[in-house]
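Q: Could you build all of it, start to finish, from the sequences and the hints given here?
Number of protein chains: 2
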Amino acid sequence: MTLDAKGELVRFNGIVIGTDGKVVKLLKRGDKRPDRPDWKEDLKGRTVIPGMVDAHGHVMSLGFRALALDLSATRSLGEAQDAIRRYAAENSTRRWLTGGGWNQEVWGLGRFPTAAELDAATGDVPTWLVRADGHAGWANSAAMKAAGITATTKSPAGGRIEMVAGKPGGVFVDAAMALIEKALPQPTPRDRNAAFIKAQDILLSMGVTASADMGTTIDDWMTYRRMGDLGILRMRIMSYSDGVDTALQVAGSGPTPWLYGDKLRMGGIKLYTDGALGSRGAWLKAPYADAPGNSGLPFLTDAQLLNSISRGAMDGFQFAIHAIGDRANQQVLDAIDELSDTYKDGQRWRIEHAQIVDPADLPRFGKHGIIASMQPVHQSSDRAMAEARLGAERLAGAYAWKSMLANGARLVFGSDYPVESPNPFEGWATGFTRQDAQGQPFGGWRPEEAVSREQAWRAFTIDAAYAGFGEKKFGHLAPGMRADFIVIDRDPLLASPSDLRSTTVLETWVGGERVFQRAAQRGEGGR
Amino acid sequence: MTLDAKGELVRFNGIVIGTDGKVVKLLKRGDKRPDRPDWKEDLKGRTVIPGMVDAHGHVMSLGFRALALDLSATRSLGEAQDAIRRYAAENSTRRWLTGGGWNQEVWGLGRFPTAAELDAATGDVPTWLVRADGHAGWANSAAMKAAGITATTKSPAGGRIEMVAGKPGGVFVDAAMALIEKALPQPTPRDRNAAFIKAQDILLSMGVTASADMGTTIDDWMTYRRMGDLGILRMRIMSYSDGVDTALQVAGSGPTPWLYGDKLRMGGIKLYTDGALGSRGAWLKAPYADAPGNSGLPFLTDAQLLNSISRGAMDGFQFAIHAIGDRANQQVLDAIDELSDTYKDGQRWRIEHAQIVDPADLPRFGKHGIIASMQPVHQSSDRAMAEARLGAERLAGAYAWKSMLANGARLVFGSDYPVESPNPFEGWATGFTRQDAQGQPFGGWRPEEAVSREQAWRAFTIDAAYAGFGEKKFGHLAPGMRADFIVIDRDPLLASPSDLRSTTVLETWVGGERVFQRAAQRGEGGR
Numbered sequence: 001m002t003l004d005a006k007g008e009l010v011r012f013n014g015i016v017i018g019t020d021g022k023v024v025k026l027l028k029r030g031d032k033r034p035d036r037p038d039w040k041e042d043l044k045g046r047t048v049i050p051g052m053v054d055a056h057g058h059v060m061s062l063g064f065r066a067l068a069l070d071l072s073a074t075r076s077l078g079e080a081q082d083a084i085r086r087y088a089a090e091n092s093t094r095r096w097l098t099g100g101g102w103n104q105e106v107w108g109l110g111r112f113p114t115a116a117e118l119d120a121a122t123g124d125v126p127t128w129l130v131r132a133d134g135h136a137g138w139a140n141s142a143a144m145k146a147a148g149i150t151a152t153t154k155s156p157a158g159g160r161i162e163m164v165a166g167k168p169g170g171v172f173v174d175a176a177m178a179l180i181e182k183a184l185p186q187p188t189p190r191d192r193n194a195a196f197i198k199a200q201d202i203l204l205s206m207g208v209t210a211s212a213d214m215g216t217t218i219d220d221w222m223t224y225r226r227m228g229d230l231g232i233l234r235m236r237i238m239s240y241s242d243g244v245d246t247a248l249q250v251a252g253s254g255p256t257p258w259l260y261g262d263k264l265r266m267g268g269i270k271l272y273t274d275g276a277l278g279s280r281g282a283w284l285k286a287p288y289a290d291a292p293g294n295s296g297l298p299f300l301t302d303a304q305l306l307n308s309i310s311r312g313a314m315d316g317f318q319f320a321i322h323a324i325g326d327r328a329n330q331q332v333l334d335a336i337d338e339l340s341d342t343y344k345d346g347q348r349w350r351i352e353h354a355q356i357v358d359p360a361d362l363p364r365f366g367k368h369g370i371i372a373s374m375q376p377v378h379q380s381s382d383r384a385m386a387e388a389r390l391g392a393e394r395l396a397g398a399y400a401w402k403s404m405l406a407n408g409a410r411l412v413f414g415s416d417y418p419v420e421s422p423n424p425f426e427g428w429a430t431g432f433t434r435q436d437a438q439g440q441p442f443g444g445w446r447p448e449e450a451v452s453r454e455q456a457w458r459a460f461t462i463d464a465a466y467a468g469f470g471e472k473k474f475g476h477l478a479p480g481m482r483a484d485f486i487v488i489d490r491d492p493l494l495a496s497p498s499d500l501r502s503t504t505v506l507e508t509w510v511g512g513e514r515v516f517q518r519a520a521q522r523g524e525g526g527r
Numbered sequence: 001m002t003l004d005a006k007g008e009l010v011r012f013n014g015i016v017i018g019t020d021g022k023v024v025k026l027l028k029r030g031d032k033r034p035d036r037p038d039w040k041e042d043l044k045g046r047t048v049i050p051g052m053v054d055a056h057g058h059v060m061s062l063g064f065r066a067l068a069l070d071l072s073a074t075r076s077l078g079e080a081q082d083a084i085r086r087y088a089a090e091n092s093t094r095r096w097l098t099g100g101g102w103n104q105e106v107w108g109l110g111r112f113p114t115a116a117e118l119d120a121a122t123g124d125v126p127t128w129l130v131r132a133d134g135h136a137g138w139a140n141s142a143a144m145k146a147a148g149i150t151a152t153t154k155s156p157a158g159g160r161i162e163m164v165a166g167k168p169g170g171v172f173v174d175a176a177m178a179l180i181e182k183a184l185p186q187p188t189p190r191d192r193n194a195a196f197i198k199a200q201d202i203l204l205s206m207g208v209t210a211s212a213d214m215g216t217t218i219d220d221w222m223t224y225r226r227m228g229d230l231g232i233l234r235m236r237i238m239s240y241s242d243g244v245d246t247a248l249q250v251a252g253s254g255p256t257p258w259l260y261g262d263k264l265r266m267g268g269i270k271l272y273t274d275g276a277l278g279s280r281g282a283w284l285k286a287p288y289a290d291a292p293g294n295s296g297l298p299f300l301t302d303a304q305l306l307n308s309i310s311r312g313a314m315d316g317f318q319f320a321i322h323a324i325g326d327r328a329n330q331q332v333l334d335a336i337d338e339l340s341d342t343y344k345d346g347q348r349w350r351i352e353h354a355q356i357v358d359p360a361d362l363p364r365f366g367k368h369g370i371i372a373s374m375q376p377v378h379q380s381s382d383r384a385m386a387e388a389r390l391g392a393e394r395l396a397g398a399y400a401w402k403s404m405l406a407n408g409a410r411l412v413f414g415s416d417y418p419v420e421s422p423n424p425f426e427g428w429a430t431g432f433t434r435q436d437a438q439g440q441p442f443g444g445w446r447p448e449e450a451v452s453r454e455q456a457w458r459a460f461t462i463d464a465a466y467a468g469f470g471e472k473k474f475g476h477l478a479p480g481m482r483a484d485f486i487v488i489d490r491d492p493l494l495a496s497p498s499d500l501r502s503t504t505v506l507e508t509w510v511g512g513e514r515v516f517q518r519a520a521q522r523g524e525g526g527r
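Protein sequences, first through last, are from chains A and B. For the first sequence, the residue numbers in full-length UniProt numbering are 1 to 527. For the second sequence, the residue numbers in full-length UniProt numbering are 1 to 527.
If you're looking for bench data, these hints aren't it; they were derived computationally from the structure. Just to be clear, a hint being listed does not mean it is correct.
Simulated coverage check for chain A against chain B, where a stretch passes if three residues somewhere in it have a Cβ under 8 Å from a Cβ of chain B [said to hold, decoys possible]:
id : segment
1  : 213 to 222
2  : 225 to 232
3  : 246 to 257
4  : 506 to 514
Residues from chain A that keep clear of chain B, each with C-beta distances beyond 12 Å, as calculated [what the hints assert, rightly or not]:
id : residue
5  : Glu181
6  : Ala291
7  : Asp315
8  : Pro492
Counterexamples of contact, computed for chain A against chain B with all Cβ distances above 12 Å [to be verified]:
id : residue
9  : Arg94
10 : Trp96
11 : Gly123
12 : Val173
13 : Lys198
14 : Gly293
15 : Arg348
16 : Ala384
17 : Ala396
18 : Lys402
19 : Pro418
20 : Gly444
21 : Lys472
22 : Ala478
Because the structure is a prediction, the values reported are computed rather than measured. All C-beta atoms in this analysis are idealised placements derived from N, C-alpha and C, irrespective of residue type, glycine included.
A: Put into C-alpha cells, the structure is as follows:
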C-alpha cells in the first residue's frame, strides 16, 4: 500500500517495474497479471510500502559514528578492555582508534580509568575514547605522545588534565580534550568511503531509501560523487550544503541537477541560527527557567542571516535553517517575512527543528509556504529536559506538530540521525502517540500536539520528499515514480504503536533494484 | 583519413556512426553506402581526420586569459584607452577589469602610464592591467582605493610603487604588484563556468577534441563537473590534479572512472620539480651560461619527490612531472628508477617538457615505459633564449624529440596553452620542420631532432591519447572508437609546412555530435 500524491491511501498487491527503474503500474486485486512480471514474490502476508524518507539526517556522521568503538553497553572496566581489544583487532589498519560511550560510574570504578589501563588493550596504537556525556576523553600513552603531552603540560582554561602520581593520567576534561583532539588525523578518502558505505547500509536496512543530508561539506560531497561515479550510491541524498560558500563552490550558480538517476542533488543550504536546548545554546525570548539571566545566544545577527540567505537564494538555492529556541525561530520567521517577496517562486523555506516556538509566532509558519522540519523522537528524548529548561508555561508552542498543521505549515519528519536512531518506525510511532519506547508518559506528552498515524506517515514519505524537491520522483508509489519500496513484516496501519516501532524491514528496493535483504528472515511467521 | 592503433595510415571516405556516438565502420571507396547514413556530407575536397589531442594544456587558464583584456596589439596610449573603454562596456557586470599586454615603450610614451589615464577609460570600476613582461601592473584609482593604497604606503622589498607628484601614480613594479593583487576578488563559480565555456569554444574551433589538463585544482574540477552535469562538457579532458592532496580529495583511492561518456577522468597527478628557462628557474647540472654561479633551483628534495609519487602511485594514480632543466630531468629519472619496480604495472610515467636533457640521460627515457611529453612550439619560441642560457655545448640534448624516439621513449606532443597558442597545426608543422611561423631558421634549428610528419601527427593523436589512458576511446578512428573528428580545408599530409600551420578547421565532431561549425566557411574554394 502507498499514499498517493494527495495523501490518499492506495492498496495494491503487485508492482510492474520498467527497465528504467520506475513504476509502470500498481496491480490491484483482479487486475490481469503480466506474463513476465519484473518483480514478483509471494509476500506471505508481508506488507509493501514506499521507502521511508528522512527529512533531516547527517549521512557521513552516521557512518563515522557507526565505525567508531561504542562502549556504551559495557558494565565494567574489564568488559570495556575486552571490547577495545576486539575492536583493535578488527581495525588493525587504523592509524588511531576512536570512539566513546564509557562511564566509570556505570562501571562502579570510583575513579577515572588510566592510560595504562587503555594501553593494556590497545598496545601502542593511539587511542582516544570520549566519555558518554562528551565532557571528557580517555587517551592511551601513544595518543598522549602523539599529542606531545608531558608531565609539564598545563591544563588550559576551562579544562583539566587528570593527574595520576604527578603525571597526566590519561583522562582529559572539557577544554583539555582539545589537547589530544588536535593530534587526531583527518579522515582519508578511504575512511570517508567506508563511512558512507556503512551509513548507507544502516539506512537501507532500516527502510530509509532517501534522506536529506543536512550540512554537506566539500569532502562529504566528493565522497557522494565517488560513490555515484563508481555505482555504489544506492540511496537517494537530498544534499543541503554546509553554508553558502560550499554550495557556490560545488553547484555554482544554482542547484545541481538530479544526478545518478535521481540519487543525488545539492539543492539547498543549511544555516544555523542557534545551538541546542541541552547545552542551553538555544536562543530564547526569555531566560532559561533553570539558568536565570541566560537566554542562550544567536549565531548570526539579523543582517548576517539576511545576507547569507540572499547570497544563496538569488541563485535559486533552498534554505534549511536550524532554529531551536523561540527567539531563533522568530528571527528566521522575520527573515523569511522580509525576503519572501523577493524570492517567492518556489522557495520552500525550511525551518529545521522548530522545537520551541512562541505561540504568538505559530501562525507565522503558515505563511510563505514554510516547511516545519521536525523530529518526533527529539520530543520524547527531550521532554524532561525541556520542562526543566523552560518551565511549564513556555511549553505551549514546544514540539507543536499538530499546531503547525493547523496553522497551514507543511510538516515533515526526520530523525536527526546520528543524534537519534535513524529507524523511521520509531519516529512514526512517536508522531501519533507522543510516547517513548517504554510507552511513557501514559497518554502521551501534551497529546493534543500528536498528529494522526496517516499524517505522520505522510511526513516521513511524500512530504519529506516534497521538502527536498523530490516529490515527483520518490516518496510514494505511482506510475512514473521511482520504484523505491520496502517489504516489512507487519501492517503499519494496524500495528500497535509498540509493534510499529519494532517493524522489521525484510527487503529494501531503490529504483527497482533490491539493495537490501535481511539475511535471516526474522519476523517471518509472525509474532 | 586516420592512423590506426599501430600508426598506419588508413584512408576512408565515409563514417558510419552508431547511436552511442562510436564509429561503426569506416567506409572505403567501393564499400556499399548505408541507405540512411548517420553522417554524410559532400566534402568537396575537404579532409576528415581524427580530432587532435593536446597532451599538455591548462584549460581554465586558457579561458580566463581569453576573457581578460588584451592590450598587446595597441600602439599608443590612446589606442589602449579605446580598447579599455570598449572592454569595460562589454563587461559591465564585472566587479574588476583585468588583463594586460601593454608596453609603454611600444606606445612611445617615454614614461609609465598613470592611474588618471586609466580612470579616463574605466571610471570607478577597479582595474588592474599587467605589463607585457609580467613585471609591472597598472592600477586605476578605484583599484588603489580597494587595495588601501595611500600616499604613505611603502614600497615592499623587491618592489617599487611608481610615484607621481608625491603620490602613487598607478604603476606597481615587481613585488609591489602584490599590494594590488591581494585585493582582486576570487573568481565566482559563474566566472569559472564562463572561462571554461570560452576555453572549450577555442579548443573545439581549433580542432582539439581532447586535452590533458595539467594541474586541475578543486575549483577547476568542480567546474568540469558542473559542466558535465549540465551537459555542457563537449570536449574530453584528461585531468591531472594539482598535487597529490587534490587527487586524493577528488578521486579518493584511485583514478575516477571515465565520466560523462568518456569526457572526463582524473587519472593522474601533476608535480613540479623546477621552474622555467626564461626566469632561470630551470634546475641545471651546471650554472647558466649567462648567469655564472646560478644553476636554478629544485622545487622538491629527492625524498619529497619520492614520497609524493609513492603517496599517489600506491593508489594507482599516474604521474606527470614537470622537468625543464637537465638536473631536474635527472632527478625525475632517478626517482622513476627507484620506484619503477614497486609501481610497475602500467604506470605510464610522464615527464612534462623534458626540455634540457643531459645526453648521458637521454637513453634513460627509454626505460620503464617513460613518456616524453613535449611541446614543439616551445622549441621555436625558446631557441634564442636557450642558446643564451645554456651555450652551444649543452644543446645536444635540448628539445631532443628524435632522440627520445630513438631511445625508445614514447613521444607525445602538446601546446602548453595558454603559454603558447592551442592551435595544434602549429605544433604539428614545427614538429617536422624545427622552424617557426616565419620559416626561421632556414633548414630548421638542430634539424636532426625533427621527427617525421606522420610521427608528429601520432604524437598529437594516438600517442597523446595513450599518455592519458584514452587510446582505446579516442585519438584515431576505427570501429568502436568514439567518433571524434574534424573537417579541415586541406590535406595535412600534402600541405607545405606553412600551409599546414594555417589549416582552417571547418567542423569539429565529438562522440558523433557536431560541436563546432565555422560560421563563414573560409577556406572553401581553396587557397
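Q: All the hints need checking, so say for each whether the structure fits it.
A: Going down the list of hints, with the structure as the test:
no., hint, in the structure
1, 213 to 222, "holds (count 3)"
2, 225 to 232, "holds (count 4)"
3, 246 to 257, "holds (count 8)"
4, 506 to 514, "violated (count 0)"
5, Glu181, "holds, 22 Å"
6, Ala291, "holds, 42 Å"
7, Asp315, "violated, 9 Å"
8, Pro492, "holds, 37 Å"
9, Arg94, "holds, 15 Å"
10, Trp96, "holds, 18 Å"
11, Gly123, "holds, 25 Å"
12, Val173, "holds, 34 Å"
13, Lys198, "holds, 16 Å"
14, Gly293, "holds, 42 Å"
15, Arg348, "holds, 22 Å"
16, Ala384, "holds, 43 Å"
17, Ala396, "holds, 45 Å"
18, Lys402, "holds, 41 Å"
19, Pro418, "holds, 23 Å"
20, Gly444, "holds, 46 Å"
21, Lys472, "holds, 19 Å"
22, Ala478, "holds, 27 Å"
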